[in-house]
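Trainee: Each chain, letter by letter, is given below.
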Amino acid sequence: MSGTYSYARNAWYVAGWVSDLTVGKPMAMSILGIDLAIWLADDDVVAFEDRCPHRLAPLSLGRCEGRSLRCMYHGMLFDTDGVCVEVPGQEQPPRAKVRTFPVVARSGWVWVWMGEPALADAALVPEVFGPDDPDWMLGSGQLDYAAEARLINENLLDLSHVSFVHQSSIKGGPAFSEALPKWEKLPRGLRYSRWMTNVTQVSGGETRNLADAGPVDEFLTYDFLIPGILVMYTGVFPQGTALEFGHRAPDRSRAIGGVSVSSQAVTPMRERSTRYFFSAGPSRAQGAEAIRQLQVELAQKAFAEDKVMIEAQQRVIDRAGDTRVIPTAHDKPITLFNAMVQRLDGIASNPEAAR
Amino acid sequence: MSGTYSYARNAWYVAGWVSDLTVGKPMAMSILGIDLAIWLADDDVVAFEDRCPHRLAPLSLGRCEGRSLRCMYHGMLFDTDGVCVEVPGQEQPPRAKVRTFPVVARSGWVWVWMGEPALADAALVPEVFGPDDPDWMLGSGQLDYAAEARLINENLLDLSHVSFVHQSSIKGGPAFSEALPKWEKLPRGLRYSRWMTNVTQVSGGETRNLADAGPVDEFLTYDFLIPGILVMYTGVFPQGTALEFGHRAPDRSRAIGGVSVSSQAVTPMRERSTRYFFSAGPSRAQGAEAIRQLQVELAQKAFAEDKVMIEAQQRVIDRAGDTRVIPTAHDKPITLFNAMVQRLDGIASNPEAAR
Amino acid sequence: MSGTYSYARNAWYVAGWVSDLTVGKPMAMSILGIDLAIWLADDDVVAFEDRCPHRLAPLSLGRCEGRSLRCMYHGMLFDTDGVCVEVPGQEQPPRAKVRTFPVVARSGWVWVWMGEPALADAALVPEVFGPDDPDWMLGSGQLDYAAEARLINENLLDLSHVSFVHQSSIKGGPAFSEALPKWEKLPRGLRYSRWMTNVTQVSGGETRNLADAGPVDEFLTYDFLIPGILVMYTGVFPQGTALEFGHRAPDRSRAIGGVSVSSQAVTPMRERSTRYFFSAGPSRAQGAEAIRQLQVELAQKAFAEDKVMIEAQQRVIDRAGDTRVIPTAHDKPITLFNAMVQRLDGIASNPEAAR
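Which chain is which? The protein sequence lines are A, B and C, in order. Taken in order, the first sequence gives residues 6 to 360; the numbers are from the numbering used here. Taken in order, the second sequence gives residues 6 to 360; the numbers are from the numbering used here. Taken in order, the third sequence gives residues 6 to 360; the numbers are from the numbering used here.
Worth double-checking, as some hints may not be accurate.
Since copy identity is lost for identical chains, a pair holds within one copy or between any two.
[Claimed, not checked] Simulated crosslink set (DSSO-like; lysine-lysine; CA at most 27 Å straight-line):
#1 176 with 30
#2 337 with 312
#3 102 with 306
If you're looking for bench data, these hints aren't it; they were derived computationally from the structure.
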């Protein structure tokens, strides 16, 4: 992908749901402008570039044959390393190889490493809440944006928009924009946290499964990790808890309700095309099936609102000669995160530099 | 907009119908490649460039708050001069300003001046027949062309096409192409006039509300004004009237029927995208509701015929390496008008030169 | 058309079916990026470039008037040589001329010569089986590909894809890919032939109208001619016929059934847009109406399978920085044919060089 913004290559990107992988048939996906055919060789996930070296047919239209993938145009066959092992009609296969990518299935998502293969470290896969998490009742969904991933990342790094874009869905009120949250640096991202004290109406409203209990303190935190992974926790605590913990992270066991989590992944497919994956729901301890459903519906409604705004923003940017912005106090984490992204590939390919 | 043809900047363009302006919500429109958010500050019309200087979200998705407009992405607030007066989450607003455009609501249309603001003169707004005109029963409509405005202007400057494109709708017969009309120069445009004498079938046929009265003289005239405004009058007169007035403009009070007017506006939105606004109908004195309806339907049918031809012409031009044309006798007003357009911005920014 | 591949200009291209030509109304078609208006001047077919020299309106929207074609925008009239003979509203027509192309109606198809007009030789029109052929019961069809013609030509020059793309339609089995066919050079193309011996299931299955008769020998041959014309014959012979004829072309009168032919034409319209025309069916001697229908349906199903693969291949190529391929044994005719195409225009414009 061209453009002035460059995404981190040395990072794990979400390519899709593990449950979307089917036996016999590759899954097509594009990340950072590269087309992929992701397939199951028995129980192993394999990620190929989606082009047969013979005459450039897509391998995602191919057929899995045990631990091999066959191009279904003229029948070239490849092993899991991408090496051509058979061509119909000739004795010896030619020296042909498909490009492969490191891939991991974890927490319900398929993660692909788009950078230097030697640097792919499965320990760098972010810990997220997958749909099968034993502690949480999670629903999930996805949607595509006709916008570049950077704009969605920036949306997630500045929740002041909740007061405006989501005024009638999340109903977070003016708190999200009038006061600044706390931000901390993480090794590969940033951590947001915000207390809202003495509130009688929590954000998310009826999706929070809270009995009416007078004023409470509400805590919201999320990590936003490279390349664009959000892992969120929110819970409601007795009035005074924020003060007791010095407005820092509370002991989560003290929550009295409204506890839920969400994992979200922003995957740049092409220059102005992004796929957004998310899971959300309450804790199994406090939740109910109906609450899970309400939270997924709220997420879908809110993301649809974001999509309208962000795709319109993309059109303005595409038409503008001058795309300079005027940063505000809420924009600091955007500047920090983007600088972190720009530095990452240099650091990753030179581990000494990271110390 | 790029391209070899340049439109007049120092001119009033129609952005839409006054009746499309609603309280609380801006109207989006694009003129000459510039996106606009046009909104009501109490009773005043305000035209902003449709981009928030914060992060380039469109202000047409914003919310009017009295005499201010708020961007609904992160809440920046602007006064009617485009000056940022509030940013949620910080004490002082930054020095941020939205570009504004002179704007006037008149004759049912919203007019925006796209050139040098200091030169905007409301006296230059063309006098047209608006939907609320007390003397005329006007209906209205609009349609978009996937073609550049210049091609539509040229269509309106050469009515010889009526004999061919509109042979089965307007049924103007060969008169429109076989004889040349009379053209006069106006300060900011050209005036067309044509007498058709001793006719038994007037153009527009059954939409003209004429009792069968033997041969008559028909008079048709219109001004075509920069940047692309057409103001038309047509009426039927007793046989001999053309001769009596030396084939010049008649005393309109002598018309015996078939009197109607039309106003039309051609607004270049983007390079190959144009919006066409029109009103049309009979005089209240002679008209009837049914006649108004018939005339609007005829206009819609005829403009749909133009649209097929002009969009096809645009495709030929886009594909052609060589776009030179071969002018005919009917093309003279096109040459005159285009030269007038090319000269206009120089004259306007140097009023001395116009004397 | 740009791009690295260049199509033969000095060749007859199929523009459409003769039956699509209608009196009074031109037919629009594009070949090699040039738009054409093809029309009937009495019984003669005439091919014009589809642009009026006046103001570049398309002549395919025009009206045939006897042996003249009138542009229906402003009425310019042209004779069959493309010379302007009338302009409404002026005495003398201007010196204006439409570009014309040599054109021939033969075997049910309209053929247009896109190269040097002086070199157009009707003897070079390929002999194909048209829908009115007295010996064959032919059905026909057409479809458009969002892909360049070269990819479809290459598909037709390597039938090893039948084993994979058409595994469930034509059911040709592994024979098409496992063994190489025989190829011969022709003056303007290549000839494919293949015997399949001792087969109990012929390709095309139930569309071949064969009583169950034990193992047979099946013969398939086609010429693939510049610019992209395929003329195919297939028949079933008694077991042993292949051996008897030394695996060369048999005496066709010895066929015991399953005899059918097909003509196919690949016409490059624009850079990534191709029209595919085909006729197919059994011999009148052995055929039946139901068999003709089955064969056309099978062709439509198979071409739809090709279309999915080839359009996907085109997308891979468009996105790829590096479009080099890895040729296999089956690809030799592709290399030969493409070299023949590249040499053709040089030879044609210098007939001496061809000796």
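Trainee: Look at each hint and say if it fits the structure.
Mentor: Now for the hints, and whether the structure bears them out:
In the homo-oligomer, the alpha carbons of residue 176 and residue 30 lie at most 27 Å apart only across protomers (20 Å), although the nearest pairing inside one protomer, at 43 Å, exceeds that limit. In this assembly of identical chains, residue 337 and residue 312 lie within 27 Å of each other by CA distance solely inside one copy; the values are 23 Å within and 50 Å between copies. With identical chains, the CA atoms of residue 102 and residue 306 are never at most 27 Å apart, being 44 Å at best within one copy and 32 Å at best between copies.
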